[in-house]
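Asks: Take a look at the letters that make up each chain.
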Amino acid sequence: MSQAARLDETELHAFVDGQVDKARAAEISAYLGANAFDAARVAGWKAQNAAIRRAYSALGGQEANDAIRIKRTADVAVKQAPSRDDLRIRAARRRAGAIALSFALGAVAVGGVALLLQRAASHAPAATIVAAPIAAPLEEPALAALGFSAYRAYADDGVHAVEIAAREPGFARYFAERSGLERLPAAAGARLIGGRLLPGKTTPAIFLLFETGDGAHLALVAQRASGVASARTAVDDRLNGVFWRANGFDYALTGPVDEARLSGFAQSMGAPAP
Amino acid sequence: MMDARISDFASKAHERLAAETRSFARALVGEADAMPQADALARQCLERAPANAESALVREKLFAEIVRLNRLRIRIEPHEGALRPVVGAARDIVAFVQALPLEEREALLVVALGGFSYGAAARILAAPRAVVVTRLARARAALDAAERGPVARVGHLRIVK
Chain A
5 MSQAARLDET
15 ELHAFVDGQV
25 DKARAAEISA
35 YLGANAFDAA
45 RVAGWKAQNA
55 AIRRAYSALG
65 GQEANDAIRI
75 KRTADVAVKQ
85 APSRDDLRIR
95 AARRRAGAIA
105 LSFALGAVAV
115 GGVALLLQRA
125 ASHAPAATIV
135 AAPIAAPLEE
145 PALAALGFSA
155 YRAYADDGVH
165 AVEIAAREPG
175 FARYFAERSG
185 LERLPAAAGA
195 RLIGGRLLPG
205 KTTPAIFLLF
215 ETGDGAHLAL
225 VAQRASGVAS
235 ARTAVDDRLN
245 GVFWRANGFD
255 YALTGPVDEA
265 RLSGFAQSMG
275 APAP
Chain B
1358 MMDARISDFA
1368 SKAHERLAAE
1378 TRSFARALVG
1388 EADAMPQADA
1398 LARQCLERAP
1408 ANAESALVRE
1418 KLFAEIVRLN
1428 RLRIRIEPHE
1438 GALRPVVGAA
1448 RDIVAFVQAL
1458 PLEEREALLV
1468 VALGGFSYGA
1478 AARILAAPRA
1488 VVVTRLARAR
1498 AALDAAERGP
1508 VARVGHLRIV
1518 K
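So the protein lines, in turn, are chains A and B. Read in order, the letters of the first sequence correspond to residues 5 to 278 in our numbering. Read in order, the letters of the second sequence correspond to residues 1358 to 1518 in our numbering.
Next comes chain A alone, as it looks inside the complex (with noise of 0.2 angstroms):
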C-alpha cells in the first residue's frame, strides 16, 4: 500500500470499531505503520472508545439489582400472555399446517387416480416459517399509552376534565357497575375530584381525577386486566406514570409529580411496595 495514498476515513473508523476483516485489518495496520498522523487519530479513537466504556459501564452496575427484580416478576406475565412475536410465529405455523394440509389432502387425491401423480404429490414443496423482523417494536403497554393519552385530554381541562364530580349522588356506585370494581380506589393525600367513562380494552374503563394537597392533578385509569401486564412504571414527557395489575383489574396513575411520589399515591390506592 503506497504510504501517498491516504485512506478513506471512514475505512479508519471501520478498523477501530472492528468492522473490518483481519486482511483488510492487516492492511490498515501497516498503513498506520507508515502514517503518523492518521495513527494517532485512530489511537485517539480506540483511547475515547475504552473511556466511554470505562466511564458508562460504572454507571449502569448502580441499583441493578432492583431493574433484574423486576425484569424476573415481568417475566411472568410476558408468559402467562403471548406477546406480538409469538402471535406472529402461531400464525405462521397455522398458515403452514393448513399449506401442508392443502398438499397432502392434494397428493391423496390424485394419487387415487395415478400413481405417477402421488408421486410428484409427494414432492411438494415443504411450507417455511418467516421469522419476525429483527427490528420489530416491542409490544406497546397499552395501559400506559391510555393513561398518558387519557391525563393530556382531560386532566387539564380546566372546564371539563371530568363528566360526572365526585360530589354527584350515586357516582362511586355509577362508576364502580360499570367497570365492574367492587369500589373505586381512593388516594392518601389527594382529593377526587371526579371521573369519566373511556372506551377500555375489553370493558369500559374509568378515569378518576385526583388533586394533591399541592393542586397537581392526578389521573387514575383502571380497566379489567387483559394482555401483557405494563412495565411499573414510565415517563411520558412531563409525566410519571405508576402502573400496577390487581385483583383482575390493571391500574394507571399518571401525573406531573415525581416518581417516588406517585407511586406513594399509587400504593395508598392499592399498588403493590416495589
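Among the hints, erroneous ones may be present.
[Unchecked claim] Once the Cα atoms are required to be at most 20 angstroms apart in a straight line, the calculated EDC-like pairs of lysine to aspartate or glutamate come out as:
no. : chain 1 : residue 1 : chain 2 : residue 2
1   : A       : Lys205    : A       : Glu181
2   : A       : Lys50     : B       : Glu1504
3   : A       : Lys50     : B       : Asp1449
[To be verified] Stretches of chain B that chain A covers, calculated by requiring three or more beta carbons in the stretch to come under 8 angstroms of a beta carbon on chain A:
no. : stretch
4   : 1376-1387
5   : 1392-1404
6   : 1463-1475
7   : 1488-1494
[As the list claims (entries may be wrong)] Far from chain A, by Cβ distances over 10 angstroms, these chain B residues were calculated:
no. : residue
8   : Ala1456
9   : Pro1485
10  : Arg1497
Simulated from the structure, these hints should not be mistaken for lab results. Glycine residues also receive a C-beta, built at the ideal position from the N, C-alpha and C atoms.
The hints should help you fit chain B onto chain A, whose structure is shown.
Replies: Quick look at chain B alone, frame taken from chain A:
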C-alpha cells in the same frame, strides 16, 4: 445440578444486560437531572423484553427501543437536528459526550458503548448505515476538538419542541 448452573448463567446474563441497559440509557439521556427518567426508561424496556433477553437479537431490539423512547421523550426527530450545546469548560469524556447533539451521541454510544456492528447500529437507529458512520465520524471529530481545548463548537442552533 445442571439446572442450577443454567439458572446461575441466566441470572448473570440478566444482571449483565440490566447493567448494560441502564448505562446506555443514562449515557443517552445525558442530562444530569434526568437520570431517574433514564433509569425508568431502561427498566421499562427491560421489563418488556422477552425472557431470552441475553440473545443478540433481543439485545439489539432492546437498545433500539431505548433509542426510540428517548427520542419520544425529548420530542426530537433525529434527522431534524438537535440543540447543540457549546463545548466549553468540560474536561471529562462524559461531559464531552453529553455535549454532543443527540444523533451523534446515539451513533457513538451504540457503537462504542453498545459494541454493535455498523449494520446493527443502523437498525437500532433506524438510519442508513452510511448516515450512522457519518454521525459517528462527526462525534469523534467533536470529541477530538473538545479534548484539544475549550474551543467553542457552535453549530446550527435549533430548538425543536
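Asks: Run every hint past the structure and note whether it holds.
Replies: Each hint, compared with the structure:
no. : hint                  : verdict
1   : A:Lys205 <-> A:Glu181 : 17 angstroms, holds
2   : A:Lys50 <-> B:Glu1504 : 14 angstroms, holds
3   : A:Lys50 <-> B:Asp1449 : 16 angstroms, holds
4   : 1376-1387             : holds (count 8)
5   : 1392-1404             : holds (count 11)
6   : 1463-1475             : holds (count 7)
7   : 1488-1494             : holds (count 3)
8   : Ala1456               : 14 angstroms, holds
9   : Pro1485               : 13 angstroms, holds
10  : Arg1497               : 5 angstroms, violated
Checked against the numbered hints given earlier, the structure breaks only hint 10 and satisfies all the rest.
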